[in-house]
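*Asks:* Put chain B on the given structure of chain A with help from the hints.
Chains as they are written, first to last, in the working numbering: chain A, 1249 to 1360; chain B, 1249 to 1360.
Treat the hints as calculated values from the structure; they're not laboratory data. The model shown is predicted, which means the values in this text are computed figures rather than measured ones. There may be inaccurate statements among the hints.
When chains are identical, the list treats them as one kind, so a pair holds in a single copy or across two.
What the hints assert, rightly or not - Below, simulated EDC-like cross-link-like pairs (lysine to aspartate or glutamate); rule was C-alpha separation at most 20 Å, straight line: (1) 1290 <-> 1280; (2) 1295 <-> 1333; (3) 1290 <-> 1346; (4) 1300 <-> 1258; (5) 1290 <-> 1279; (6) 1295 <-> 1280; (7) 1290 <-> 1347.
Protein chains: 2
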Amino acid sequence: MKQAIVARTDIGMGQGKLAAQVAHASLSAYEDADSRTRKAWKGSGQKKVVLKGSGESELFELADRAESERLPHAIIRDAGHTQLDSGTVTTLAVGPGEDEVVDRVTGHLSLF
Amino acid sequence: MKQAIVARTDIGMGQGKLAAQVAHASLSAYEDADSRTRKAWKGSGQKKVVLKGSGESELFELADRAESERLPHAIIRDAGHTQLDSGTVTTLAVGPGEDEVVDRVTGHLSLF
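The shape of chain A in the complex, shown without the other chains (with noise of 0.2 Å):
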């Protein structure tokens, strides 16, 4: 099992700023799944990949892909106290899931 981030590398966050927004995906698409999910990703790990998106168009489309395979997941917007605009989309997270499922919306990816 796993879970997805992708970040979008056109807004300029700092690495610390992308690891925040990051984080934020990860808890509220690990929130979004059911109990039996959270633990078995827990159990093997919780395996996380961090990828790359081209912006905030393909987030929205990645996140109706992953709404259709019944995939948990979550769209951060960013609060905007520091670096950028209040409101901006930063990332999404998709999973915990099957590998091949969560493979099916964003195995086309680079890593970030």
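*Replies:* Just chain B, lined up with the frame of chain A:
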């Protein structure tokens, strides 16, 4: 309320790796919190800051301080599939907790 995640600067993690390890620590410390603390933090926007840690010994010292302050916390070791040797300590998450209590542990560190 906030959560602080301290990441080592001395082991040369790439951006994606750093983000995944920060997310791992964030989720693990979150799970170490009681349900009232979890809800309060989420309700206030689950604020996170990512901070610089100089090395493994500093992370362990900060974890001891978090323990003394009775803050939820989690030290993460990398599974070692990529980039790092298996078992390398990468990150420490402290909180969620009240800002001033978290600051007693990590307030002196720089933003990542």
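*Asks:* Would you mind marking each hint as holding or not holding in the structure?
*Replies:* Consistency of the hints with the structure:
no. : hint          : verdict
1   : 1290 <-> 1280 : both (15 Å within a copy, 13 Å between copies)
2   : 1295 <-> 1333 : between (31 Å within a copy, 16 Å between copies)
3   : 1290 <-> 1346 : within (13 Å within a copy, 27 Å between copies)
4   : 1300 <-> 1258 : within (10 Å within a copy, 25 Å between copies)
5   : 1290 <-> 1279 : both (13 Å within a copy, 11 Å between copies)
6   : 1295 <-> 1280 : both (17 Å within a copy, 19 Å between copies)
7   : 1290 <-> 1347 : within (14 Å within a copy, 28 Å between copies)
Hint compliance for this structure: every hint is met.
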